[in-house]
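All letters in the sequence shown, in the order written, are residues -8 to 76 by our numbering.
Careful: at least some of the hints might be erroneous.
Listed next, with one range per pair, are the computed distances between beta-carbon atoms [what the hints assert, rightly or not]:
| no. | residue 1 | residue 2 | range |
| --- | --- | --- | --- |
| 1 | LYS10 | LYS38 | 28 to 34 Å |
| 2 | ILE15 | LYS(-5) | 17 to 23 Å |
| 3 | ARG49 | LYS17 | 16 to 22 Å |
These aren't lab readings, by the way, just hints derived from the structure by calculation.
A virtual CB, placed ideally from N, CA and C, is assigned to each residue, including glycine.
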Amino acid sequence: MATKDQVLLLYRHILRAAKNFPSIKKDALITDIKAEFRDHRGLADTKEIQHHMQVGIRSLEQLETYSGMDNKSNDWAVFLKGSCD
């Protein structure tokens, strides 16, 4: 089960990655992230919390992938993880 500290740490990591996101809509993204966490603050179901943690971890990975890109550059490469079955 995810502890409160783990959720808070994930929240901080996601916000940090969002602040480096190369988009003019970065502020809206940050607002949406905060709202999403606020909306689910009172969750008590362990399975539901775990589900949202997994979604958050995948979202963080995606943000970190795109945050390393220069939005003024034309030389982008995206590599997808996972199987293509």
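Evaluated hints:
| no. | hint | result |
| --- | --- | --- |
| 1 | LYS10 to LYS38: 28 to 34 Å | 31 Å, holds |
| 2 | ILE15 to LYS(-5): 17 to 23 Å | 34 Å, violated |
| 3 | ARG49 to LYS17: 16 to 22 Å | 20 Å, holds |
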